[in-house]
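> Required output: the full structure, derived from the provided sequences and hints.
There are 2 protein chains.
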Amino acid sequence: MTNLKQVAELAGVGLGTVSRVINNHVSVKPTTREKVLEAIKQLNYVPNEVARNFKMQKSNLIALLLPSIWNPFFSELAYYIEDELDREGYKLILCNSGGKPSKELYYFDILNQNKVAGILGITYNDIEDSLNNDIPIISIDRHFSKTVPCVTSDNYSGGRIAMRELYNAGVRKPAFIGVVTKVFSETMLRKQGFIDEAAALGLDYVVYEEPDPLMDELSFFNNFFAIKEHHEIDGVFAITDMFAARYIEQAQKQGISVPDDVKVIGYDGIQDNTLFHPILSTIRQPVETMARTSVRLLLQRIEGVPIEHDTYRIPVEFRQGKTT
Amino acid sequence: MTNLKQVAELAGVGLGTVSRVINNHVSVKPTTREKVLEAIKQLNYVPNEVARNFKMQKSNLIALLLPSIWNPFFSELAYYIEDELDREGYKLILCNSGGKPSKELYYFDILNQNKVAGILGITYNDIEDSLNNDIPIISIDRHFSKTVPCVTSDNYSGGRIAMRELYNAGVRKPAFIGVVTKVFSETMLRKQGFIDEAAALGLDYVVYEEPDPLMDELSFFNNFFAIKEHHEIDGVFAITDMFAARYIEQAQKQGISVPDDVKVIGYDGIQDNTLFHPILSTIRQPVETMARTSVRLLLQRIEGVPIEHDTYRIPVEFRQGKTT
Chain A
1 MTNLKQVAEL
11 AGVGLGTVSR
21 VINNHVSVKP
31 TTREKVLEAI
41 KQLNYVPNEV
51 ARNFKMQKSN
61 LIALLLPSIW
71 NPFFSELAYY
81 IEDELDREGY
91 KLILCNSGGK
101 PSKELYYFDI
111 LNQNKVAGIL
121 GITYNDIEDS
131 LNNDIPIISI
141 DRHFSKTVPC
151 VTSDNYSGGR
161 IAMRELYNAG
171 VRKPAFIGVV
181 TKVFSETMLR
191 KQGFIDEAAA
201 LGLDYVVYEE
211 PDPLMDELSF
221 FNNFFAIKEH
231 HEIDGVFAIT
241 DMFAARYIEQ
251 AQKQGISVPD
261 DVKVIGYDGI
271 QDNTLFHPIL
281 STIRQPVETM
291 ARTSVRLLLQ
301 RIEGVPIEHD
311 TYRIPVEFRQ
321 GKTT
Chain B
1 MTNLKQVAEL
11 AGVGLGTVSR
21 VINNHVSVKP
31 TTREKVLEAI
41 KQLNYVPNEV
51 ARNFKMQKSN
61 LIALLLPSIW
71 NPFFSELAYY
81 IEDELDREGY
91 KLILCNSGGK
101 PSKELYYFDI
111 LNQNKVAGIL
121 GITYNDIEDS
131 LNNDIPIISI
141 DRHFSKTVPC
151 VTSDNYSGGR
161 IAMRELYNAG
171 VRKPAFIGVV
181 TKVFSETMLR
191 KQGFIDEAAA
201 LGLDYVVYEE
211 PDPLMDELSF
221 FNNFFAIKEH
231 HEIDGVFAIT
241 DMFAARYIEQ
251 AQKQGISVPD
261 DVKVIGYDGI
271 QDNTLFHPIL
281 STIRQPVETM
291 ARTSVRLLLQ
301 RIEGVPIEHD
311 TYRIPVEFRQ
321 GKTT
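Protein chains in written order, with the UniProt record's numbering: chain A, 1 to 324; chain B, 1 to 324.
It should be emphasised that the hints constitute simulated quantities derived from the structure, not laboratory data. Where hints are given, some of them may not hold.
Derived, one-sided and incomplete: chain A residues facing chain B with beta-carbon distance under 7 Å [claimed, not checked]: (1) Ile69; (2) Phe73; (3) Glu76; (4) Tyr79; (5) Lys91; (6) Leu92; (7) Ile93; (8) Asp129.
Quantities reported herein were computed from a predicted structural model and do not represent experimental measurements. Where a beta carbon is used, it is the ideal one built from N, C-alpha and C, also for glycine.
So, in structure tokens, the structure goes:
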């Protein structure tokens, strides 16, 4: 049976270096790493170091419940959550709910009954009564009345910043467009920030919303284009980037030019690649910080360390694109 | 203790209907579903049906090892894999390797030692010797010489189709651009299909590749723009959509107009939303079928049912965009 020492001898390095390579520390030089990996391969060594750091038991499985991993905002969030969990020796179980209450209930039941170590939940439905106090939960974007801490971006400030940036770009008749869920979610504060800032600037504004989920996207925009103030609107703050992109697409079909006729700001900042045109002006969510904060709070709760606040609102910033 | 029968009585439906709602079958009418969920809520029923279908044990945990869930191709794949596993009572553990061989080895060690039921792996590195025959593995896009079945899109036909579509769009001096990995991967057949079709059409063609991972993307394109045949090239087949999008961005900076000067076709078909402009012409990968096939084969292997083929190549199709 090969041991760590033999690997270290063959590679001509110390035990600590072998351990760092196995545990994937960034502080190892690439040439050294190669030597160690070569020795591991030659000796066919199964690193028990790894096993010591991680044994897959229910107690180190964390479930991430989200609407859909296919959505770029959620896949970025999941990427950082997995990274942070891995650093701490936890593994991530992925549960896509499709946003359906019945599937969320189904997953909560499974997770409750099977005692995962904890749950990170992103849900916009009314499933309050199904939460079980036995398993630590951290919620993202959503408050439950029970003692579930919530991590979110600073949606309210984001709404105010978006309105102010529209104003700075010359907008005098702004509109907020979005969908509204039955239960309160932090994301609703985007609208509130928009309203308060518009009022502070002494502007007339429009709010146009329909219930989530939208049954017919096209009819949403047709309804919006049909409201009587519509021809006056010269700026749009959309509840998400996807919504902003869809608005731009539909507006163009109406002969409305962005940003000449209407300035547009989204929310999320999912456009980190060159495929997206036009590049949206947007309120960038601090996805990485949100992910790592959620994991840290969940592990705190698992370890029984008290959590100071109900809500952790991470600052956002405006990112200038080509639509304002 | 509330039981299923009481829920069925209160909701005024049969036992089977309650079970279908709990198990999230699509065949239940929305109004009926609501009635059942309401009854479940009123009675505070914890569905043991769910527990019976799923008990979280090592034997129903499947690991998905992929470079990054943040990549839209992989997040779409993960979405369907999770959906298919959930139907069969399995849960998905998500492992992002970052494409690094050391992290892939680390995950394989963890998974080997902890005996998950199976592994779905997407890896483009040389980690052959670390595979363990004890745990069923299905590979996506990559062949291992050991008996690991591989599920992939029909990359070779995709390459031929792409070349033919470029030709139909008027291209007479085509180029293939991409990166090349050290170990053989099915994705290399995209280039081979391109070459064979160009030859069959009697065309002169260019292949420009650099080793994966690219250290400097900008220098890749500058090198490509500097090759002597470059001014003759009137069509580009890029190894992925992301690569095609980057080419378009860099080409525009050189004053090259797409599709007027150069027609472009990508591979993947990740652009299923309105944020992307220009809409790429592309070879669409059958992501959903690839995902469900991989899961089905993995479960077959777990159950000891022999798998007929080494490789499952799922047909692709051309999707017309605005770049040809």
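> Compare the structure with each hint and give your call.
These are the hints, each one checked on the structure:
no. : hint   : in the structure
1   : Ile69  : 5 Å, holds
2   : Phe73  : 11 Å, violated
3   : Glu76  : 5 Å, holds
4   : Tyr79  : 4 Å, holds
5   : Lys91  : 5 Å, holds
6   : Leu92  : 5 Å, holds
7   : Ile93  : 5 Å, holds
8   : Asp129 : 6 Å, holds
Checked against the numbered hints given earlier, this structure breaks only hint 2.
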